[in-house]
Amino acid sequence: MGSAPSPLCCCEYRNVEGQRTHIFAFCCECDELDNAVDQCLKGKRVPREKLRQICLVVSDRIRIPWIEGARKVELDVFVPLLFLSGSLYFACYGLIFSVLTFVYTPLFVLIYYFYVLNQRKRTWFFVSWALFSLVGTFGCFLVHVSPYYSYIQSVIVSSGFIVVLLLYLRVVFSRSFLDAYTLDLKPLQNGVPKLNGKDFQDLTCCFCTKGPFNRSKHCRICGYCVPRSDHHCVWSSIVFVASWYAIMFIFGMSSLLLQQLTFISFNLTGDEWRRSSRNKPLWEVLWKHQYNRGLIRNWRDFLCLRERTSVKSEELV
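Residue 280 in the numbering used here is what sits at position 280 of the sequence shown, and the numbering runs on without skipping anything.
Misleading hints may appear alongside valid ones.
What the hints assert, rightly or not - Capping the alpha-carbon separation at 30 Å, the derived lysine-lysine pairs in DSBU-like fashion look like this:
1) K72 - K121
2) K217 - K72
3) K72 - K42
4) K50 - K121
Just so you know, the hints here were simulated from the structure itself, not pulled from any lab data. Small disclaimer: the values here were computed from a predicted structure and weren't measured.
Could you build the full structure based on these sequences and the hints that come with them?
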């Protein structure tokens with residue numbers, strides 16, 4: 001038996017061909033680039049496939065030292081940072097520049113989105129865009145808005161931002177959901193399902209080595225089969241499954257229910273909440289308005305549908 005290969009050092013990695021190489025060999029063995037330059041000097045057209053191979057090799061060689069091998073730097077992660085920063089700087093020159101920014105930014109995102117769909121590639125562009133937008137918005141709040149609010153309101157907004165950021169990162173960097181699903185029913189054979197999970201070991205997907213699963217779909221962008229797949233979300237770079245919609249529906253309904261329970265407990269209507277003074281703290285709006293009679297009486301009035309206001313007969317028209 002041959003000896004096991006030595007582990008990679010912090011500056012070594014495996015290239016697209018599986019060969020062991022070093023990050024300092026960035027400009028070495030550039031055969032594809034040499035051939036492309038030679039064809040350009042001869043006045044010949046460079047094939048698109050050759051240009052794609054050159055871009056693939058260049059992107060594979062851009063790495064940073066890391067534990068157990070150099071890590072690849074995804075260039076599309078930094079494109080939103082440069083684009084958003086430049087667009088904000090461009091929009092600050094005046095109203096016309098702001099309007100132009102609002103016009104070309106959605107077009108740029110839409111064009112890149114269709115490019116990703118056509119290439120069937122997994123990209124971190126949209127995830128990076130969402131993260132930089134979220135962090136940038138929170139930074140603007142801390143610098144320009146937070147000084148005009150109380151510390152309690154700033155802490156509440158900051159806590160909400162941290163929770164949203166952590167949940168978003170949890171979704172983005174979550175591992176494959178394949179291990180979380182258990183297979184109970186074997187695909188129909190002669191119209192009869194068999195309860196034997198071990199028989200799935202010999203079954204494979206025509207694209208990947210995991211699957212096929214019951215009611216699954218192979219995601220060409222992620223590269224594996226996903227049970228109960230709905231669609232691939234570019235903004236989180238994962239596949240949405242059917243169970244996620246139940247979670248989002250429960251969360252939305254629970255939020256609305258909590259809002260209504262709060263209004264009932266303080267005897268406040270939605271219209272009164274919207275017309276309340278923005279200069280007052282949240283607790284003062286809920287607790288010190290004129291219709292609040294205490295928790296028990298508020299709920300008693302709500303359940304008994306008792307109208308406390310009296311209308312004088314002479315006020316009726």
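### Task
Would you mind confirming whether the straight-line C-alpha gap from K72 to K42 stays at or under 30 Å?
violated (34 Å)
#### Entry: Pair hint K72 and K121, alpha-carbon separation not exceeding 30 Å
Given that 30 Å is the threshold and the Cα spacing comes to 16 Å, the pair holds.
### Message
Check whether the Cα positions of K217 and K72 lie no farther apart than 30 Å.
### Response
Given that 30 Å is the threshold and the Cα spacing comes to 29 Å, the pair holds.
### Query
Given the hint that K50 pairs with K121, does the C-alpha gap stay at or below 30 Å?
Holds, at about 18 Å.
Violated hint: 3 only; the structure is consistent with all others.
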